[in-house]
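Whenever a hint applies, use it, and build me the whole structure from the sequences.
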Amino acid sequence: MFSWLLRLFQKETGDEGETRPTEKEEGILSHEKGRRKSFWRRHRSARNTSTQNSKMTKKRSKINELEELKLDMRKISNDMEEMCGILNLYMYEDLNYRMNTEFNIIKSQHEKTMLDMNKMIQSIIGSMQYSKELIEDNYSYRALAGIIGLVGVASQWNLAGNHQFFFVDQH
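The sequence shown runs 1 to 171 under the UniProt record's numbering.
Some hints could be false.
Unchecked claim - Straight-line Cα separation of at most 27 angstroms, DSSO-like style, residue types lysine-lysine; simulated pairs:
# : residue 1 : residue 2
1 : K70       : K58
2 : K132      : K107
3 : K75       : K58
4 : K59       : K70
5 : K119      : K107
6 : K132      : K119
7 : K75       : K62
8 : K55       : K70
Said to hold, decoys possible - Label-pair distances were calculated between CB atoms; the ranges are:
#  : residue 1 : residue 2 : range
9  : I125      : E102      : 33 to 41 angstroms
10 : L6        : L66       : 52 to 60 angstroms
11 : N104      : L66       : 50 to 58 angstroms
None of these hints come from the bench; they were simulated from the model.
Note that beta-carbon positions come from the ideal geometry of N, C-alpha and C, so glycine has one too.
Below you can see the structure in the form of structure tokens.
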């Protein structure tokens with residue numbers, strides 16, 4: 001288990017690990033073994049470099065794309081904030097304008113209603129005075145009719161033989 005972990009660690013660090021020859025390498029001469037090993041190491045390192053370079057360029061392109069997307073998001077959020085500000089300004093200015101015009105309309109309607117109420121109050125006061133005059137006239141006519149009625153009753157008494165005279169001053 002320990003050797004397996006050691007091999008994994010060495011692969012990650014790039015170290016080839018064991019320096020003991022394996023069973024396959026024992027049959028090959030030592031100078032051939034060294035040349036072949038160094039040859040494959042060079043090519044393997046070149047191959048790894050090209051794949052690493054391609055991975056790095058892909059990674060770099062992804063990072064650049066991510067940065068561009070972040071920049072686009074910032075631009076969009078700034079545009080959105082600007083549009084919201086314009087919309088709020090437009091709505092509230094329009095609302096204030098509408099409120100002012102509606103206030104002026106409502107104010108003029110209120111003034112008209114108050115004038116109508118004052119006219120109605122004056123009309124009611126005039127009607128009350130006129131009805132008071134009518135009541136007084138009616139009272140005076142009733143009193144006069146009562147007096148005339150008494151005169152009429154007295155004249156009937158005169159006809160009956162009662163010799164009492166009522167003098168009514170008629171003007």
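How the hints compare with the structure:
About 18 angstroms separates the Cα atoms of K70 and K58, which keeps this hinted pair within 27 angstroms; it holds. Between the alpha carbons of K132 and K107 the distance comes to roughly 37 angstroms, so the proposed pair goes past 27 angstroms and is violated. For the hint linking K75 to K58, the alpha-carbon distance of about 25 angstroms falls within 27 angstroms, and the restraint holds. As the CA atoms of K59 and K70 are separated by approximately 16 angstroms, the hinted pair is consistent with the 27 angstroms bound.
For the hint pairing K119 with K107, the CA-to-CA distance comes to about 18 angstroms; that is within 27 angstroms, so the pair holds. Using a Cα cut-off of 27 angstroms, the hinted pair K132 and K119 holds, with the two alpha carbons roughly 20 angstroms apart. Distance hint between K75 and K62 is fulfilled; the C-alpha atoms sit about 20 angstroms from each other, no more than 27 angstroms. Note on K55 and K70: the hinted pairing holds, with a Cα-Cα distance of about 22 angstroms set against a maximum of 27 angstroms.
Remark: the range hint 33 to 41 angstroms for I125 to E102 is upheld by a beta-carbon distance near 34 angstroms. Look at L6 against L66: about 37 angstroms separates their beta carbons, and that is not inside 52 to 60 angstroms. With their beta carbons about 56 angstroms apart, N104 and L66 fall inside the hinted range of 50 to 58 angstroms.
Of the hints listed earlier, those the structure fails to meet are numbers 2, 10, in rising order.
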